[in-house]
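Q: Read in order, the letters of the sequence shown are residues 13 to 273 in my numbering.
Simulated from the structure, these hints should not be mistaken for laboratory data.
There may be inaccurate statements among the hints.
As the list claims (entries may be wrong) - Quick list of the computed label-pair ranges, beta carbon to beta carbon: (1) T103 x I238: 39 to 45 Å; (2) N237 x R133: 46 to 52 Å; (3) R163 x P252: 15 to 21 Å.
None of the values given here were measured: they were computed from a predicted structure.
For every residue, glycine included, the Cβ atom is placed at its ideal position computed from N, Cα and C.
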Amino acid sequence: MNTHWANKAQAYHRSFASVCAGTIPAIIDHLQPGVVADIGCGTGALALAATQAGYSVRACDPEEEMAAFAAELLQDTPASVVVDTLPKLSTFKDHSVNNAVANFVINHVPDPRSHLAGLGRIIQPGGHILTSVWTSDFLPHRDLMAQVMARYPLQDAPPSTRLPEHLDFERSCEGLSALNTDVGFTVLSTQLVQWQWNISWDDYWCGLEAGIGGIGAVYISHPPNIREQIRQNIAGLLAPYRAADNTLSFPCQAALVCATP
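Take the sequences, apply the hints, and build the full model.
A: Dropping the structure here:
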């Protein structure tokens, strides 16, 4: 996977894990009885929610630290966690799970179609494959950060995570649905999931300070004086989303597709 998550589990759990949790209720609603594979489990929020809903879970993440964090969170639950990654998923047997979930994973991989196809091997016939991605047209906090970062170009910027045109796909319900169709899956439903993400300023900012995600990687590539200017600029632009108690509340939306092989 093409990620920026290595050695950042604690900061991710404190910051951006909570925004990725916004799709969890909708995902749980689409699960069939049986075993759930949580692919790219991060620090384990989705896997924990699935166990609380009565499911047995097999979770994996490509980063050892993330998997270890999730394993600690999930101890004493009917869940196991291993280090593994798409597209091979070498620790999963063929047709061994009833549900395969990749929550905000396909938007991080270098070849979305080959990685998505990897879910088809482990799912039982008639099982549910659930994928989610951020939509490209609506994520205000992300767009404001990108706007500020653009004011401070880097000579030696981190490698771009943008996919070449022949591998990319439209980040929308229609685009994610078409991606599933491209790999031979039958789309059962598409959904635009919307929610409010509430987080303290300190927790929000620790994710950037840790260099999480593409924007975080760009941010920490700047010298300290520029990082402080960026922080002040972003703090000002986020004022409309800030409550009296310094909590930030952002509207979010993502595309969710339920398919079957």
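Q: If a hint holds in the structure, say so; if it doesn't, say that too.
A: We went through each hint and held it up to the structure:
Checked against the given bound of 39 to 45 Å, the beta carbons of T103 and I238, roughly 43 Å apart, stay inside it. Separated by about 50 Å at the C-beta atoms, N237 and R133 satisfy the suggested range of 46 to 52 Å. For R163 paired with P252, a C-beta distance near 19 Å keeps the hint of 15 to 21 Å intact.
When each numbered hint is compared with the structure, no violation occurs for any of them.
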